[in-house]
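2 protein chains.
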Amino acid sequence: MTAGDTGDLVRVRLDVAYDGTEFHGWAPQPGRRTVAGVLGAGLARLAGPDGASGLTVAGRTDAGVHARGQVCHVDLAGAVWAKFSGTLVRRLAGILPPDLRVMAATPVTPEFDARFSALARRYAYRVSDAPYGVDPLRRHDTLAWPRPLDLAALRATAAGLLGEHDFAAYCRRQPDRSTVRTLLGLDWQREPDGILVATVTADAFCQSMVRSLVGAMLEVGDGRRPPTWPADLLARRERAGEGRVAPAHGLTLVGVDYPDDPRQWAARAALTRRRPR
Amino acid sequence: MTAGDTGDLVRVRLDVAYDGTEFHGWAPQPGRRTVAGVLGAGLARLAGPDGASGLTVAGRTDAGVHARGQVCHVDLAGAVWAKFSGTLVRRLAGILPPDLRVMAATPVTPEFDARFSALARRYAYRVSDAPYGVDPLRRHDTLAWPRPLDLAALRATAAGLLGEHDFAAYCRRQPDRSTVRTLLGLDWQREPDGILVATVTADAFCQSMVRSLVGAMLEVGDGRRPPTWPADLLARRERAGEGRVAPAHGLTLVGVDYPDDPRQWAARAALTRRRPR
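So the protein sequences, as listed, match chains F and Z. Going by my numbering, the first sequence opens with residue 2, and the numbers climb by one from there. Going by my numbering, the second sequence opens with residue 2, and the numbers climb by one from there.
To list a few chain F residues with every Cβ distance to chain Z over 12 Å, as calculated: (1) Arg33; (2) Asp51; (3) Asp63; (4) Ala153; (5) Arg226; (6) Trp230; (7) Asp262; (8) Gln265.
Cβ-to-Cβ under 7 Å is the rule here; a few derived chain F residues that face chain Z: (9) Tyr19; (10) Asp20; (11) Ala94; (12) Pro99; (13) Asp100.
These aren't lab readings, by the way, just hints derived from the structure by calculation. Even glycine gets a Cβ: it sits at the ideal position worked out from N, Cα and C.
Please take these sequences and the hints and turn them into a complete structure.
Below, the structure is given as structure tokens:
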């Protein structure tokens, strides 16, 4: 069986970028402009009403959150793929609005599941602590913070948060859903232009988790809380009222990791599905 | 005399950035939102109606053109400077809209003239030739080009354009104004994310000159014209109908150079004023 070919259907991985400003998040909602809604309509326009099915995403971003490395999969009718395989990206560029782009379309085996085969999601949060605020050309994806931030203090917060924990203190509560996650990476850098960027990697995130973590760390960064405070909140294992959720517009999904070997896609998906989430 | 102090007035250099999308260029126009109009109103709100005068800019950008390194000067009443010298940038950040920022405010001697003391202006033009178009988060300052561009061909165009020439072929004609300019630098780079960036430096630019040069070079870059064509147009010394003007939104004023030694500011201004422009 060729990569992508599942009988009459071809599974295709889509690498997607969007400016979240004008989207009510990923998930389809009646009467609202969402990424899945607009992308699904674009695919249907190209492939016909039954030519594209099962659009599935790696990270369901909230309203206002951006993506540069979002990953989806979709099943295309074999005839559709045969017709558009070499031109899909350019054709979608002509159909989709400028705030949503499909950057790559790659045939994969049917075992690839954008959501369940993923090993990790990676987000970046951009903050400017300059007295003037934010460079106007980056104001759509950068938070202006009104006080100076200390890089060393921000970095010191990471140690107590890394690893597997119950992140209930940083998750919007959802009944009967586990809030145990594994934080694989948490790093702050100051870029040459002065912007502070947090890069946060986890096997998966619960809702508003990155923004809650960033909100807590910023209170450490400007000196209002000690570096141990975010880990202390974590230890309570329940939603903490004190922690502010950082605004959506500073957050971008920058990448999703999958096993390099396609033979591992099914095994990873089976493992993820068994977890109580 | 202290730097900045001219009797009752203090001359202040302002380093300014803006997203040109919602501005009708720099120059004040009745009933239109312009950078000078909005910045002047912000300064007046802080300094009082007579507290800020003589707002002068280095590069009068056209409608839709952005700036990250624009430079202006303004004369503030001594009492205004005494009151706000330490907090001017942060106060203006609270007054000005997010698409216009004053990034620095520095007292200078009265010999500093943002326009006439300038040695050179530097612009950057961003182009994406990716099949998907432009990263949605950079679509406001990056042009999507529908055909692949050849970096070597773009670079090959520079040789015939550098130096002092009559750039009439690349200037919007204005009666009795010289179109002789000195092109000091013209370089193309492909950034790690694939974006092509032209950096164009000249002592001064006539209207739409950078966009006309970029428009001509892009026709070379995608193979429709030979690399010598932009220099051939130049040699005609009259406005050429063939050359397309590249859209405004890809263009950003990134910097203005002045003599390092303040004692050179007056001499440079005198020299510039003598030129027939």
